[in-house]
Structure formats: structure tokens, C-alpha cells
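To convert a position in the sequence shown, counted from 1, into my numbering, add 45.
Restricting the straight-line Cα-Cα distance to at most 35 angstroms, the calculated cross-link-like pairs of lysine-lysine (DSBU-like) are:
1. Lys-253 - Lys-288
2. Lys-288 - Lys-127
3. Lys-127 - Lys-253
Since the hints were made in silico from the structure, they are not lab data.
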Amino acid sequence: MHQAFAHEDVVIRRGRRSQLPLIIAVHSRALGPAIGGCRLRRYDTWREGLTDALCLSEAMTYKAAVAGLDFGGGKSVIALGKNTELTPDLRQAALQDLGELVASFGGSYRAGPDMGTGPEDMVVLRRFSPYAYCVPEEHGGTGSSSGPTALGVLAALHAGAQHVFGDSSCAGRTVVISGFGSVGSDIASNLAAEGADVVVSDVQQSRKDVALASGYGWAEPNQALFVPADVLVPAAVGGVLDKAVVSRLGARLIVGPANNQLTEDTVADALANRGIVWVPDYVSSAGGITYTLSRETENYSHEAAQERVMGIGDTVSRILVLACSAGVTPLRAAKQIAEHRLASAAS
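The whole structure should be built from the sequences, with the hints applied where relevant.
In C-alpha cells, the structure reads:
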């Protein structure tokens, strides 16, 4: 997704305590300070972590712009080697190193949890900078953003269902959720309560028993994307949709919180050519950041912040109508909305 030299700042540093590679990528501050989560994960090389940071920070720029937030896009990565043992001491040292690096931006880059990190980790970052969001409520923050993220995905899914099926309800429809973590499980329970036939999948086989006990169907991870279904919800890692996968997909509507679901933008055209409606991931996954920033920077009440998250459904409807009327993909329509905001800010 990213283009060479498209980013405002890219800082790569070896942590002085942990000796691990740390990366902060700021794609844009046109709308305000860059915001983006801290990802702690294993990579074959640190350069893969850099690629992740570049792609994810660009997606954050578009996420904030489409969501109407006055923030830019950034991302931070702590890159673990594939054989590095993440001991509690090493984790603590890495987070302290990242806290120092975040502080060096003076508020122009602001962090939150992402894959591999959570609210307790943000407490460590807060020791170095006030610009770490989602710390637990007992520390003055809003805690985990998984609930608001799931709420936003559901709003997007219902808007997408209205567009594709003529009915926003998922009652009686088969929904496959690929990724049964905190967000995926929230989505699953809400859809099941609505009357959907829910099938879930996860790379952690230990979650299969939980899924079956909850009354859900189970699909093996390598088959989940191809299960015949009405809706597919990618809720795990990104990079899962390429042209070969698209040719075998079994769903008419794809809406999910996983970041960077497409391996490249041209996959959006392949989806459209098959008649599959794909809601851009940075639109459907914006509930967490919308809720957190509404509460922690704009002093919204819990109810008002949730109402703002539900507005993601209206945004999705607007994108899908624009895509149809202009004869473009939903990805292109979403980018037009984002680029208009970014261009207005720049001028």
C-alpha cells in the first residue's frame, strides 16, 4: 500500500535496554497529531516490521480521515526475532525503550494498544509520555478498545448487509468469522443473538472448544475464507486477500476489523469483478480509535462515544452509494472521501 517517501517521519532505533528493533512510522499529520497502535510481534527480519509499520501507518491516516477524526496516521512496532524468547523482563525493557521513543515525538505521535500489546502495556508507556491511550480505567483511561471496535464492525456489517441483501439484519444468514480473539468473539456473540448462523475459526486450536461450547460452527483456518457464507468477517492478521484467494471466496459481503486485508489495492478490483462487496478495513475497524479519542481527548460520555461509533454504519452506506454511483470500488470511494479531507487540511 505504501509508496516510497510517502511518510513524514520514520524512526528506527535499537532499544538500549532490550536491544530490540523499534520502529515508529508517521505517515501524515495533515489533520493533526499522528495516532497509531503499538504492535509487538515476531518477524523473520526487522525489515518486515518496517514494512508493517509503513503500511499500517498509512492505513491509519485514511482511517482517521474517513472517520472524521482530527488526527493523522502513525504506527509503532517492536520487532521480535523469530527465535527470540519474550521473557517478562525483556517485554518490560522493550516497552520502556518504546516509551522513551514515543516521548521523543513530543505528542506528534501518540500510541495505543495493537497486536501483541494491551492496556497494561500502555501504563508502561505512560511513565514516559502522557500520549499513550487505552490504559486501564483504574489508571484514568478507557481500557481495552475491543468492545468499541466490535461495535463499529457490527454497524458496518449491518450497513453492508442492507446494501447487498436489502435487509440490515443477519438473522438466518451464515457469517464466517476468521479470528476468534476478543473482537471476533464479541462480534460472534452479537450476531448469534441476532439469529445468524455463526461459524468461527482461529489458528489457536484451544479456542475450538470455546467456540463449539458457545454453539458456533468451526472451520479450520486454512478453509475458513472459502466456506460458503453470506458474510465473511476477517478478524485476525492482515494480508489474507489476494487474487488467488478472491477467486475461491464463498461470501458476497466482506466486513471485518483485520488491518490491511488486501495484499495490494488491485485486489479490490478482483473482488468487485466477482460481485463481492468489500468494506474497506480501515473504515469498518475505526470503532476502537473513534471511541477512545472521543472519551480521552474530547471528554465524550460513554453513551455519546458509542453513538459516534455507530455512525460508522452511515459512513459505510455513504461509501457504498458513492461507489455505485461513480462506478468505482468501495476502496476508491473511501479514499476519495479521505483524500478530500486531507487535501482540504493541506490547503
